[in-house]
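Protein sequences, first through last, are from chains A and B.
Each residue of the first sequence is one higher than the last, beginning at 1 in the working numbering.
Each residue of the second sequence is one higher than the last, beginning at 1 in the working numbering.
What the hints contain is simulated information worked out from the structure, not anything from laboratory work.
Every residue, glycine too, gets a C-beta built ideally from N, C-alpha and C.
Heads up, a few of these hints could be off.
Derived, one-sided and incomplete: chain A residues facing chain B with beta-carbon distance under 7 Å [what the hints assert, rightly or not]:
hint	residue
1	Gly43
2	Pro44
3	Lys102
4	Gly106
5	Gly108
6	Gln112
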Amino acid sequence: DQQVKQNSPSLSVQEGRISILNCDYTNSMFDYFLWYKKYPAEGPTFLISISSIKDKNEDGRFTVFLNKSAKHLSLHIVPSQPGDSAVYFCAASGRGSSNTGKLIFGQGTTLQVKP
Amino acid sequence: NAGVTQTPKFQVLKTGQSMTLQCAQDMNHNSMYWYRQDPGMGLRLIYYSASEGTTDKGEVPNGYNVSRLNKREFSLRLESAAPSQTSVYFCASSEFSREHQPQHFGDGTRLSIL
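Take these sequences, add in the hints, and give me the full structure.
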């Protein structure tokens, strides 16, 4: 039972355009959501997060949107750059695991930004 | 700043052999985690340690054991390796208290079981 799903295994966009990565979740107990970026042969790197009390969080070129009623979050990258080419994972944590900080990860989406 | 350090980076084992994956963090974090990453499946939690002296099972604990040696170090042991345990293993740490904090990851151990 996949509680966090990234239904698009890959995405290709042109440099300078917007990249939109999507993530769906099923567990209504989740209250904290994160996006990680991963380059080959490296560990995941934290990118941006959002609490369930918000519907948007912005950090430079990266914005995460949360739609709690749809159990959906998305990561927008504007403008996209070739260095953004990586695998992006969404992750969720919730009140059920509030004493441990355990994360549930999606399968990942590979983003390719073409020059 | 080293962050989270994992050793070894690569390892090849034969079925039935045992080995321990080492992880150390220098951020004074309370919580530490072990994940495995397999193609198309994201990262799955094997074991975690919410604080020094405690360990708990995650999503896929079978075939593994862990030891939280001290606040800095959290090791993962395969007692009798099986081909199904071929994977990339990531260790992570976080300063988790009442508020959520992101986890910080090491660069992984690539393990092949023949």
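Q) Regarding the hint that Pro44 of chain A lies at the interface with chain B, is the smallest CB-CB distance below 7 Å? A) Pro44 of chain A check passes; min Cβ-Cβ to chain B is 5 Å, inside 7 Å.
(Q) Hint validation: Gly43 of chain A versus chain B, beta carbon distance must be below 7 Å. Holds or violated? (A) 3 Å, holds
**Q.** Restraint check, 7 Å cut-off on beta carbons, for Gln112 of chain A near chain B
**A.** 17 Å, violated
Q) Should the hint that Gly108 of chain A touches chain B count as held when the rule is a Cβ pair under 7 Å? A) 6 Å, holds
Q) Once the shortest beta carbon distance from Gly106 of chain A to chain B is found, is it less than 7 Å? A) Holds. Min distance 5 Å.
**Q.** Status of the Lys102 of chain A interface restraint (C-beta, 7 Å, chain B)
**A.** At about 6 Å, which falls below the 7 Å cut-off, the nearest Cβ of chain B leaves the hint on Lys102 of chain A intact, so it holds.
The structure does not agree with numbered hint 6 stated previously, though it agrees with all others.
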